[in-house]
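J.: Sequence:
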Amino acid sequence: MNDTAILSRLFAGIQPDLDQVDATFQDRATSGLDILNSASMHALGSPGKRLRTALTLLSGKLNSYRFDKLLPLSVAFEMVHLATLIHDDIVDNALTRRGNPTVNALWGNNIAILLGDYYFAKTAGLIADINDNRIDHLFSDTVATVCEGTILEIMTAGRIDLTTQSYYEKVSHKTACLIAACCKGGAIVSMASSMTSLTTQKIKPP
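Numbering (this note's numbering), first residue to last: 505 to 710.
What the hints contain is simulated information worked out from the structure, not anything from laboratory work.
The structure displayed is predicted, hence computed values, not measured ones.
Check each hint, because a few of them may be wrong.
Claimed, not checked - DEER-style ranges, computed between Cβ atoms:
| # | residue 1 | residue 2 | range |
| --- | --- | --- | --- |
| 1 | Gln530 | Gln669 | 22 to 30 Å |
| 2 | Leu599 | Ser670 | 21 to 29 Å |
| 3 | Asp531 | Arg602 | 18 to 26 Å |
Backbone N, C-alpha and C fix where the C-beta goes; we use that ideal spot for every residue, glycine too.
Please take these sequences and the hints and turn them into a complete structure.
T.: Structure, rendered in structure tokens:
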């Protein structure tokens, strides 16, 4: 059984909500500019495994499952994730992602940068819909940490003398940071205890 099949089984109980997150993402990402819509639809055309959405929703089941708040939260996390991928492709001068041309390869760096910025701006509106100061700070801290991780990656590119701990530090500032935030955000929205919310965030390398 491949990874996709395994995840499909694990996420079967939340599949309708996962589909609603996808639909809401496309709706909230719509722009009045055709070029932005075209670039956005292209970026969305290579979906990942939706792990971040699933972790947000599953963490939201820790106490009271409040899909009215988990929906904008999940879309916001996916937008942040996609924005960081688009910006990463620019930094890396990448021309393909998952076998498809990157946004910057098709529309140039300027449009790609602005599409990522557009997603970040849309995220602010989604977070405002949740109306929870703890979520505001969680997103602010998470995006700042991801930016730091990208800078660390640039500074250490090509080095062969990095320690395992240095590698873990980079990963903690990027992939692990966002995944941990999804878990903590879902727990916060579910009104789980402060200790439970903190525990969900501790998905980090040693």
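J.: It remains to establish, for every hint, whether it holds in the given structure.
T.: Status of each hint after checking the structure:
no., hint, in the structure
1, Gln530 <-> Gln669: 22 to 30 Å, "violated (40 Å)"
2, Leu599 <-> Ser670: 21 to 29 Å, "holds (28 Å)"
3, Asp531 <-> Arg602: 18 to 26 Å, "holds (23 Å)"
The structure shown violates just one earlier hint, number 1.
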